[in-house]
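Each chain, letter by letter, is given below.
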Amino acid sequence: MRKTHTLNLGTGAFVLLGFAALFYLTTQTTSRGLSFSTPPHYEVIAKFDNIGDLKVGAPVSMAGVEIGRVVNIGFDTKEYKAVVTMSLNAQYNQIPTDSDASIYTQGLLGGKFIGLTAGGADTYLKDKDHIDFTQSAFVLENLIGQMLANFGKSKADSEPSPAPEAKPEKTK
Amino acid sequence: MNNIAPIVDIRDLNYAVGGRPIFNNLNMKFERGKVIAVMGPSGTGKTTLLRLITGQVTASSGFIEVAGENLMTLRRRGLYALRRRMGMLFQNGALLTDLSVFENVAFPLREHTDLPERLIRLLVLTKLEAVGLRGAAELAPAELSGGMGRRVALARAMVMDPDILIYDEPFAGLDPISLGVILRLIRRLNDALRITSIVVSHDVQEIATVADHVFLLSGGGVAASGTPQELRNNPSEVVKQFVGGLADGPVPFHYPAANYFEQLLARDRAD
Amino acid sequence: MRDAWQSMIETLETLGREVRFLIRLLILTPAAFLRFNLISAQIYNAGALSLVIIMLSGMFVGMVLGLQGYQLLRRFGSEEALGSAAAIGLVKELAPVMTALLFAGRAGTALASELGLMRATDQLTAMEMMAVDPVKRVVVPRFLGGVIAMPLLSAIFAAIGIYGAQLVGVQIMRVDSGSFWSQMRASVALSDINEGIVKSCIFGVACSLIAVYEGYHASPTAEGVGRATTRTVVTSAVVILFLDYLLTAAFL
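So the protein lines, in turn, are chains A, B and C.
Here the first sequence stands for residues 196 to 367, numbered as in this note's numbering.
Here the second sequence stands for residues 20 to 290, numbered as in this note's numbering.
Here the third sequence stands for residues 11 to 262, numbered as in this note's numbering.
These are calculated hints, taken from the structure and not from any lab test.
Don't be surprised by glycine CBs; every beta carbon is placed ideally from N, CA and C.
Any given hint might turn out to be false.
[As the list claims (entries may be wrong)] The list that follows gives simulated cross-link-like pairs (lysine to aspartate or glutamate, EDC-like), each with its CA atoms no further than 20 Å apart:
hint	chain 1	residue 1	chain 2	residue 2
1	A	Lys323	A	Asp248
2	A	Lys276	A	Asp317
3	B	Lys53	B	Glu249
4	B	Lys65	B	Glu84
5	A	Lys250	A	Asp271
6	A	Lys273	A	Asp244
7	C	Lys146	B	Glu130
8	B	Lys48	B	Glu84
9	C	Lys146	B	Asp133
10	C	Lys146	B	Glu148
11	C	Lys146	B	Asp117
12	A	Lys250	A	Asp317
13	A	Lys250	C	Asp202
14	A	Lys242	A	Asp295
15	C	Lys146	C	Glu124
[To be verified] Covered stretches of chain C, as calculated for chain A (at least 3 residues, CB under 8 Å):
hint	segment
16	44-57
17	164-170
18	192-200
One chain only, chain A, in its complex shape:
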């Protein structure tokens, strides 16, 4: 009957519209865009003394361009270091093996991310390679501790003391 026709048509149109909206949302508003497959990638490992609050999923960038993500964070019980596994987009396969990986902070108080700086080697990083040069995260408490220690030391040094040593030592 006519009524069933309108009914079916209406329902179909509605469901289609709903899914179209969903599709629009997922592709046009996120950075995923229209890519539906994960691009090929390779993994690279780096060890850090201190990763701060670096999280799995944090971006890995080079010269400000995002080239990959952190996929795993582990702990090395022998060296007492953090072991970070990064998944890099396969199209960026010309990163020198002596490049260095540092942990930076996004913005002023944002999350942590890893920045790679190119080295000068002729060989490039491949899947399962290690990055040997690393720089740990900037931890606010340590800096404050150092500042306080510095402050204390300079105060002690500026007071009259038996030894005529008045040169304050700078520690890093």
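Use these hints to put chains B and C onto chain A, whose structure you have.
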């Protein structure tokens, strides 16, 4: 009295709602193949009785057997199986508003059977013909008058060829012609299909013309039971008031109130 | 004092009954899909017929978001972030919540009054008498129709809202179109959209449950139906906002 088992057998039934007793030691036997009327003043529990018979409510204690099934022990599946053998006509027809007349009558067939479309069509049109509404098959329930709606509901109640047909106040609000039509149908269908019909009504004069047996309910039990003629000759006050339609009697005219004289003369309304 | 205690107990009882009703509906759900035409008719009722109000509201909410967002961000010199603000606000909060509230008002009341009317005119009892379980035949399809329609409506609301924000932000307030979209794309993650969808699904279950429960259990009188409809909207609103808080906290 014949010794064929009654189609509905109620013994020492007790039923109360929220502390208020409705039936006390009720005893009723409904004979097969007859048109049986259940009457009584408002509030005596006629509709409740129907609910007990159809299993919509369960009695507190006692025995009730319908078409060979003990309702006290019946579970949902058995109850549904039993209901397929009963047809019920509701006071307002209770047609499904989003289905046409044809689809309404076809509803039980579509839900319970796998009959091919041609057969369903045949059955539906036959039942509609029996109630005189075959021409209205494509109308919507909203387009029907009260009497017509009830006839369609009757066709629907009959479509699965039940053993018992139950009518809940089928004459309420009908004009004399429609009333007469339904009356006639009740009797003719009962005899033609060899079923038992239970009619709850308080149209004494009307139902008396077609009923084989009448139960008069009052005060939580059966006040009178017999043929319409026997009821007219019953000397009980309760029966006489009901049959004669008297304003005052065992069912009082006045709602309980304080003394009339005192209330009129009272200074303030402190009652 | 006594009354407050009484009403608390009653609310708990009602909550219990509604949850048991929900469980019954969920158990009957797989079987209901065998008669999909019933469900699809209800998707039409709950979804397609709500399209107009959802699209209109989505458009206006998006436009207001664009306007207010612009004014606010301007104070911090970050107008370019309008795209992100609008998209995230819509996808995670506004679309699920507002769609649910509008749904309760339009589709919820329609469901409740339909079922209430069927109760009042004995149609549901008649079905029981014909040995057809009215819950299976009439209630479950309506419940599922609402549950399926809600996330779709939410997505439509969000999409149109973003368009509305873009309309006000880019065309009228002259925010740079490139920044609008690029910042949005950089800050909206798939997980945000997921959260929004999960929220609207849960709201869908809640609103549909409340509507069919109230309708099915309405007093079989004209005022009973009216009360059921009112209760549907009020209860739905409170439950939606409460669940919204829970879910937002859970996702954090």
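Just to make sure I understand the rule, a stretch counts as covered if three or more of its residues have a C-beta closer than 8 Å to a C-beta of the chain. Does the segment 192-200 of chain C meet that for chain A? holds (count 6)
Tell me if the straight-line CA distance from C/Lys146 to B/Glu148 falls inside 20 Å. 31 Å, violated
Has the given pair, B/Lys48 with B/Glu84, been kept, meaning a C-alpha gap of at most 20 Å? 10 Å, holds
Does C/Lys146 pair with B/Asp117 here, judged by a C-alpha cut-off of 20 Å? 17 Å, holds
Between the segment 44-57 of chain C and chain A, are there enough contacts, at least three residues with CB-CB distance under 8 Å, for the coverage claim to hold? holds (count 5)
With a C-beta cutoff of 8 Å, work out whether three or more residues of the segment 164-170 of chain C approach chain A closely enough for the coverage to hold. holds (count 5)
Is A/Lys250 within 20 Å of C/Asp202, Cα to Cα? Answer holds: A/Lys250 to C/Asp202 is near 18 Å, not above 20 Å.
Agreement of A/Lys323 and A/Asp248 with the hint, judged by alpha carbon distance not exceeding 20 Å: 24 Å, violated
Pair hint C/Lys146 and B/Glu130, alpha-carbon separation not exceeding 20 Å: 11 Å, holds
For the pair supplied as a hint, A/Lys242 and A/Asp295, is the alpha-carbon distance within the 20 Å limit? Between A/Lys242 and A/Asp295 the Cα gap is close to 11 Å, so the pair holds against 20 Å.
Could you grab the alpha-carbon distance between B/Lys53 and B/Glu249 and see if it respects the 20 Å cut-off? Roughly 16 Å separates the two Cα atoms, so the pair holds.
Quickly compare the C-alpha distance for B/Lys65 and B/Glu84 to 20 Å and report which way the hint goes. Since the Cα atoms of B/Lys65 and B/Glu84 sit roughly 18 Å apart, the hinted pair holds (cutoff 20 Å).
When each numbered hint is compared with the structure, violations occur for hints 1, 2, 10, 12.
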